[in-house]
Each structure stands twice: as C-alpha cells, then as structure tokens.
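Novice: Each chain, letter by letter, is given below.
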Amino acid sequence: MAELNQQVLNSLDDSSRQELMKFVEAENSKSKVQMSIHQFTNLCFKTCVTNKGPIFSGDLSVQEENCLANCVNRFLDTNIRVVQQLQNQQ
Amino acid sequence: MALFGSAAPQQNAVQASQARQQIQDQIAQELAVANASELVNKLTDNCFASCIANPGPSFSAQEDTCVNQCLEKYMRSWNVISRTYVARIQKASSSGELN
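Going down the list, the protein sequences come from chains A and B.
The opening residue of the first sequence carries number 1 in the UniProt record's numbering; numbering runs sequentially from there.
The opening residue of the second sequence carries number 1 in the UniProt record's numbering; numbering runs sequentially from there.
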C-alpha cells in the first residue's frame, strides 16, 4: 500500500480538500452501516440459526429468513424504545 | 521542473486532484480491509462455536462440511440483514423519523 506522505498532503488545494472531506464523510457513514450489519448478523445468526440446532444446509430456510428480518427490526425497535424511556426519565 | 517561472496553476490543480485521488483510494482500501476482516472474525466465531463442539486432533470431514455450510448460511444471513436494515433506514429517513 502506498504511503501517505507529507508531500501528497501538501499538494492538496482548497477544492480537493473539500471534496476529500465529503468523501470521508460518505465513507464514514457507509462504514458505520456496514459495522452495524456485522453486529446485527452476529446477533441474529445466533438467535435464528445456531441456537436452533446444528447446521445441515448452506441455504436459508424460509423460517430462518423471516426470523432474521424480524430480528433486525425488533432489535431496532428495542433500541428506539430504550432511548425513548431514557429521555422520559430525564 | 518549471522552465518558465513557477509551476503553472493548472499543473498544481492536476497535482492536487491526483493527490486527492490517491488519498481516497487508500481510505477506501483500508475500509474494505476493515470490513472484510470484521466478516472473517464474526464468521470464524460463529462457525467455530457451531461446528467444533469437541476439538479433535484433526479437522474432520463433518467439521469441514459444517463450516462450509455455516459460511454460506452466514453470508446469506448477512445479505438478508443488510437488505432489511437498509430498507428500514430508508423508510425512517423518508418518514422523517431520523430528524
């Protein structure tokens, strides 16, 4: 991987600096979403697949697929509810 | 470098945009590596827990099959979760829930 040296940073002008900021912001939110998906998959795979028994197939059953979708949605509902409750207590 | 006085402004702009591209490529690549290694870690955790109940002296054929199936299932699960989550974010942002 090419090294980011001072010379490269120095040759940035204002407009490329601005574009770079936009790029970093976009990549940052993309990365946050990806990391959340990792977290949810880790949680919901346990809830919907491995905790239900041994794995016999690489495919997802209809039940597993529904369970996974419900799992994310209920997790997010729980998250929203927790925030609401904490806000109410203030 | 500059035969006639200092470097032309145009040349500086080209250099700046090349530098920006280089930095962007590097950021994108590092994030891709972080994403891939997160996937590898989570996959290994889940499939090890699910397939290797009693670690033996070698990787048995059953364990091998189980790990392969687990891997496929996990990737499919990742896609289902991704679709569901992105749809939810879009729904929430269009209804103003996020503001």
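Please note that a few of the clues may not be correct.
As the list claims (entries may be wrong) - Covered stretches of chain A (in silico footprint by chain B; criterion: 3 or more residues with CB under 8 Å from a CB of chain B, positions within the stretch not fixed):
#1 5-16
#2 19-31
#3 40-50
#4 63-70
Claimed, not checked - A few chain A residues that don't get close to chain B, going by computed Cβ distances all over 12 Å:
#5 82
#6 85
#7 87
#8 89
Stated by the list, open to error - Straight-line distance between alpha carbons at most 25 Å, and here's what the computed SDA-like set of lysine to any residue pairs gives:
#9 22(A) x 28(B)
#10 46(A) x 42(B)
#11 32(A) x 95(B)
#12 32(A) x 23(B)
#13 22(A) x 91(B)
#14 42(B) x 30(B)
#15 42(B) x 75(B)
Don't read these hints as lab results, they were simulated from the structure.
C-beta: ideal position from N, C-alpha, C; glycine also.
Novice: Hint by hint, say whether it matches the structure.
Specialist: Tested hints:
1. 5-16: holds (count 7)
2. 19-31: Coverage by chain B holds for the region 19-31 of chain A (7 residues, Cβ < 8 Å).
3. 40-50: Per the Cβ count (9), the hint holds.
4. 63-70: This one holds; 4 residues, not fewer than the three required, reach chain B with a Cβ under 8 Å.
5. 82: About 16 Å separates residue 82(A) from the closest Cβ of chain B, which puts it past 12 Å; holds.
6. 85: holds, 17 Å
7. 87: holds, 15 Å
8. 89: The assertion about residue 89(A) holds, with a minimum of 21 Å to chain B.
9. 22(A) x 28(B): holds, 13 Å
10. 46(A) x 42(B): Distance of about 11 Å is within 25 Å: holds.
11. 32(A) x 95(B): Given pair residue 32(A), residue 95(B) holds - Cα atoms ~21 Å apart, limit 25 Å.
12. 32(A) x 23(B): Holds, at about 20 Å.
13. 22(A) x 91(B): holds, 24 Å
14. 42(B) x 30(B): holds, 18 Å
15. 42(B) x 75(B): Holds, at roughly 11 Å.
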